[in-house]
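Novice: Model the placement of chain B on the given structure of chain A, informed by the hints.
First to last, the sequence lines map onto chains A and B.
Heads up: the first sequence is residues 182 to 353, going by the working numbering.
Heads up: the second sequence is residues 182 to 353, going by the working numbering.
Since the hints were derived computationally from the structure, they do not count as laboratory data.
Take the hints with a grain of salt, since some may be wrong.
[Said to hold, decoys possible] Computed cross-link-like contacts, DSSO-like style, restricted to lysine-lysine with a CA-CA straight-line distance of at most 30 Å:
id	chain 1	residue 1	chain 2	residue 2
1	B	K197	A	K294
2	A	K254	A	K197
3	B	K336	A	K339
4	B	K197	B	K290
5	B	K339	A	K336
[As the list claims (entries may be wrong)] Some chain B residues well away from chain A (every beta-carbon gap over 12 Å; in silico):
id	residue
6	E212
7	F215
8	D219
9	V261
10	L265
11	F278
12	Y296
None of these values were measured; they are calculated from a predicted model.
Even for Gly, the Cβ is constructed at its ideal location relative to N, Cα and C.
Number of protein chains: 2
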Amino acid sequence: MNLFDESVPAFIRMLKNLERWLDEAETYATERGFDVEDLLTARLHIDQYPLTRQIQAACDSAKLATARLAEAKAPVHDDVETTLAELRTRIGETLAFIEGFSAEDFEGKADAKLYLPFLQGGYVVANDYLHQFALANFYFHITNAYAILRHNGVKLGKRTFIGHMNVQMPEA
Amino acid sequence: MNLFDESVPAFIRMLKNLERWLDEAETYATERGFDVEDLLTARLHIDQYPLTRQIQAACDSAKLATARLAEAKAPVHDDVETTLAELRTRIGETLAFIEGFSAEDFEGKADAKLYLPFLQGGYVVANDYLHQFALANFYFHITNAYAILRHNGVKLGKRTFIGHMNVQMPEA
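So here's chain A without its partners, still in its complex pose:
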């Protein structure tokens, strides 16, 4: 087991769950007769990121964490999405990028020193970066996206948040 197992599968799972929450948002908008795009500027407080920015940040936190831990180059996204369709494309491109990695790409890199742009010349060891920042950062944005939808009445609950679990039945 290496850092791949803790990161990429969770990013993929939750980004695919996010796609389901957006499906629910569209269903709800149709039921209630409002424009689903109006949800994109919703936020929980005036100085918080709105839904569009939470989704962009969830995508970037998955993309950048994957690239940094694998010491790979990440594709650039310019945060220009203004429609739900464009945000879905952004999620799809993020998934396509991170799905290209495997545990081998992360092998032996848990002790790498990561000089990140926001560390002012300092570095964080890859293992610390994942456990002290990257996972919490990803869950922060994706759960705030969920919370904004939930606050606005989209029919979501914990089961939709978490998605599928591999439950098995005992042999007879």
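Specialist: Chain B in isolation, oriented as in the chain A frame:
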């Protein structure tokens, strides 16, 4: 590395961060002259758990995941907290319990079959349980607690959510 490294340290970090968010809630209540306990019944939507229940569930998700993965017995909490002081005690008791575990307690248990009460006679393998349920479940409740406070104006941001990261400076 085993499942301990992915779970208990994150639970401890985030529960301690939650204590800081509650400090900020108290500061904000004092500044604005409202009773901080009034936040405990706040929620993002009428059919969502209020703050008290999110905190109880965050504590339980950390406690139960730790106990299940270590095949240990968890202390019982009856969800009777009605004040911020009682919720702080609950968080403290949860921390005291999970801080008692080490990686050794999780050794060789990643393949254990966990027959959980909500699986209707089925089981989930410990490794799947952590990656497909327990971590997302914990972040779900703790981030919704954060979101409820944030929505109500408590001065929180991503830095407060994530907490300390071990940044190091290169040798001269």
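Novice: Confirm or reject each hint.
Specialist: Structure-based check of all given hints:
Note on B:K197 and A:K294: the hinted pairing holds, with a Cα-Cα distance of about 26 Å set against a maximum of 30 Å. The straight-line distance between the Cα atoms of A:K254 and A:K197 is roughly 23 Å, inside the 30 Å bound, and the hint therefore holds. Of the pairs offered as hints, the one joining B:K336 and A:K339 holds, with about 26 Å between alpha carbons and a cut-off of 30 Å not exceeded. A distance of roughly 27 Å separates the Cα atoms of B:K197 and B:K290; the hinted pair therefore holds under the 30 Å criterion.
Restraint check for B:K339 and A:K336: satisfied, since their Cα atoms lie roughly 26 Å apart, inside the 30 Å limit. Under the 12 Å C-beta cut-off, the non-interface status given to B:E212 relative to chain A holds; the minimum distance is some 16 Å. Residue placement check: B:F215 keeps its beta carbon more than 12 Å from all beta carbons of chain A (closest about 16 Å). A cut-off of 12 Å between C-beta atoms confirms that B:D219 is not in contact with chain A; the least separation is 17 Å.
For B:V261, the non-interface assignment is confirmed: its Cβ lies about 22 Å from the closest Cβ of chain A, beyond the 12 Å cut-off. The claim that B:L265 is not at the interface with chain A holds, since no C-beta of that chain comes within 12 Å of its own (minimum 21 Å). Every C-beta of chain A lies more than 12 Å from that of B:F278, the closest at about 20 Å, which supports listing it as non-interface. With a closest Cβ-Cβ approach of about 8 Å to chain A, B:Y296 is found to fall inside the 12 Å limit, against its non-interface label.
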